[in-house]
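Peer 1: Here are the chains, one letter per residue:
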Amino acid sequence: MKRHLNYTARQKIPAKQIKIDLHRENGSLKSFDASVNLSGLELPFDAKVFIEAYYRTDRKRFDFGTVSNIATPESTDLSDLGNLDNLNFRIKIVDQTTKYGLILAEADKIKPHSEGDEEDQIRSILATEFNCDLGHQIWRINYAAESPIIEFNKNVPNIRSLAKTDPVFFFHVYPQVIREILHYLFFVEKFDPEDAQEEWYKNWFNFAKSIYPESSPEKLTDITPETSQDIVDWIDNVVNEFCLSENRKWDKFLKTVDQGEPE
Amino acid sequence: MTNLRVLTPIGTKEFADFIVNLKKDSSISPPTHLLEEAPYSKQFKEIEIEQRTFATRLELGEYLLNCLEPIPRDTLIENEGLWNWLSLFWFDQLVPVDATGKRKVGEIARYVYNSHYRTFYRHLVAASWDIYSRYGAQSKIFLSTSLDINNKFIRELASRQNLISNGNLIDVVQILYWREDGKSREGIKRGAVSKKQPGNLWRLIAVLNQLDTTYDLFDMSPNDILRLLPDEFNSWKPDQVVKKKSRFAMFR
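In order, the protein sequence lines correspond to chains Z and H. Per this note's numbering, residue 10 is the first one in the first sequence, and the count goes up by one each step. Per this note's numbering, residue 85 is the first one in the second sequence, and the count goes up by one each step.
These aren't lab readings, by the way, just hints derived from the structure by calculation. Predicted model only: the values in this text are computed from it and were never measured. All residues carry an ideal CB built from backbone N, CA and C; glycine is no exception. A couple of the hints might just be wrong.
Unchecked claim - No more than 20 Å apart at the CA atoms, straight line, and that leaves these computed lysine to aspartate or glutamate pairs for EDC-like: (1) Z:Lys108 <-> H:Asp303; (2) H:Lys97 <-> Z:Glu223; (3) Z:Lys39 <-> H:Glu153; (4) Z:Lys163 <-> H:Glu164; (5) Z:Lys21 <-> H:Asp296; (6) Z:Lys108 <-> H:Asp308; (7) Z:Lys69 <-> H:Glu164; (8) Z:Lys57 <-> H:Glu164; (9) Z:Lys108 <-> H:Asp296; (10) H:Lys126 <-> Z:Asp245; (11) Z:Lys57 <-> H:Asp303; (12) H:Lys129 <-> Z:Asp142; (13) Z:Lys108 <-> H:Glu153; (14) Z:Lys69 <-> H:Asp303.
Claimed, not checked - Now the stretches of chain Z that chain H is said to cover, found in silico as 3 or more residues with beta-carbon under 8 Å: (15) 88–94; (16) 140–147.
Given these sequences and hints, build the entire structure.
Peer 2: Shown next as C-alpha cells:
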C-alpha cells in the first residue's frame, strides 16, 4: 500500500469548495473567475491564496489575496497558455511568514466549469478538445491524457455550438460517450471499484452510480464471462437512465427531428 | 523557402507507416511528396520555412519560435499535423544517414506526434519549440544536442509537470549540472546523469518532488531552493551557495 507522509499537517481543500468559471470572447477562452470557500479549514488569516492554471510545460500563477480577504486579481488572462480547453487548476494556501513559503493547504487537478454550462456534472469529469482534425469522424475519446478527453472535429462547422446545445447531437453522441468510457474503464483498464488506481476511474464510476445506483459492480478481482455480462447490462441501464433523465432535451430532439423530416 | 503546411490525417498515417517500414528497411527514402501534395498535406499559414541545417535543437527551437511567433500558442501546442509536417521537412536531420548509408530509427513518438502526457515531449521538433519557447537560453541543458537526440534531462524532467513548468527549478537544474565557467567548453557536467554519483539528476528529481509538496517552490528563488537541498548536492553547487566549513573548530 502506498504511504503518504505529511509532517507539516498540510490540509486538503475539498474540490466541491472550489469553482472555476471560464470566460470566452468570440469563442476563445480568455480569462477565469474563481470562488474558493475555505470554511472548515484551520488557516491563518494572513496566509496567501494562489491559483495556478497549468497544462504540461505551461503554468501561470494568480494572486488571489489572503485567506481573510480572497480577491480576484485585476487580470486573470489565460490567452498566452497552450491548450486552453484542457487547462487544470491548482490552489495553494501558503504561509509566507516562514523563511521558505510553507504550503498549508492545497487542491490540485481542478477542472473548470464553463460559462452557461448546465451539465456541470458531466463536464467536470470529461475534458473537451475542439481543435482536432479527425478526418471524417465527428468525435472520439482520447484516453492518452490523465483522464478521458472528448475530441471534436474542428472541420465540422459550428461544432462547439452543436456539442453544447443541439439536442440531436446530444442524443446521438453523449449516451454513446458514456457507454464507451464505462466499457473502457471496466474492460480495458480492468477497473476494480474496491481498488481504484486513478482519480478518473472513481469519478466516472461515481457519476455512473449516481445515475443508476442499483446493482452496481463491486469487487472485481476476476472478470468472468458472467460478471462481464452483468457489467454490460449495468452500463446499459446507466445509459438508459441517463437518456430518460433528459426529458426536456428529448422533447426538443423530437421536435427538431419532426421539423426536419423530408416530405 | 517553403510555405508552412500541416499533414492531414491521411498524410500523418502515410508518414507513420513510413517510419514503421524504415525500422525494417533503413534504406527507403522519406515520402517527401507528402509535404506538398493534397490530400496528404494542406496549407497552414502564410509563413515561410527554410530548409536549413541546425547545429543543435536549441537553434531549431529558436528558429521555430521566431517563425511561429504570430500564431497563438494554443493553436500550436497540440497541432500534430504541424509537428509531423515539420518532422518530415527536416527528416534528414532527425534521422541522419550514417557512414554505412543507413538511418538509425528511434521510437515513433520522436517523429510522429503523440499527445499522451508521457510521450508528447519525445517529439524532436515539437519539444524543441515547446521548451525553447518557455525557457529561451535557459533551455540549453535540454537542447544543446544535435537534432536526433533526446537527452536524459528532457526524458526525465519534461514529463513531470510540476518540475518542467517551474522556471525556478529549471534554473536550479541548470546551475547544478550545466558547466559554463568560461574556462572549459560549456556542457553537461560529467556524472550528472550517472546513477552512481551522489546528487545526480534522479536524486534531484526525488528531492524536488518531496520539497514541492511542502514548500512553495514556484515562488522561491533558485538560490533559496539550492539552500534547501541536502549535502549530497554540495559538490554540484556553485561555491557561493555552499557554506564552507571552517578549517578550525572549537571542539572536535
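Peer 1: Does each hint fit the structure? Answer for all of them.
Peer 2: Now for the hints, and whether the structure bears them out:
no. : hint                  : in the structure
1   : Z:Lys108 <-> H:Asp303 : 12 Å, holds
2   : H:Lys97 <-> Z:Glu223  : 44 Å, violated
3   : Z:Lys39 <-> H:Glu153  : 19 Å, holds
4   : Z:Lys163 <-> H:Glu164 : 13 Å, holds
5   : Z:Lys21 <-> H:Asp296  : 15 Å, holds
6   : Z:Lys108 <-> H:Asp308 : 9 Å, holds
7   : Z:Lys69 <-> H:Glu164  : 24 Å, violated
8   : Z:Lys57 <-> H:Glu164  : 39 Å, violated
9   : Z:Lys108 <-> H:Asp296 : 15 Å, holds
10  : H:Lys126 <-> Z:Asp245 : 42 Å, violated
11  : Z:Lys57 <-> H:Asp303  : 12 Å, holds
12  : H:Lys129 <-> Z:Asp142 : 16 Å, holds
13  : Z:Lys108 <-> H:Glu153 : 39 Å, violated
14  : Z:Lys69 <-> H:Asp303  : 12 Å, holds
15  : 88–94                 : holds (count 6)
16  : 140–147               : holds (count 4)
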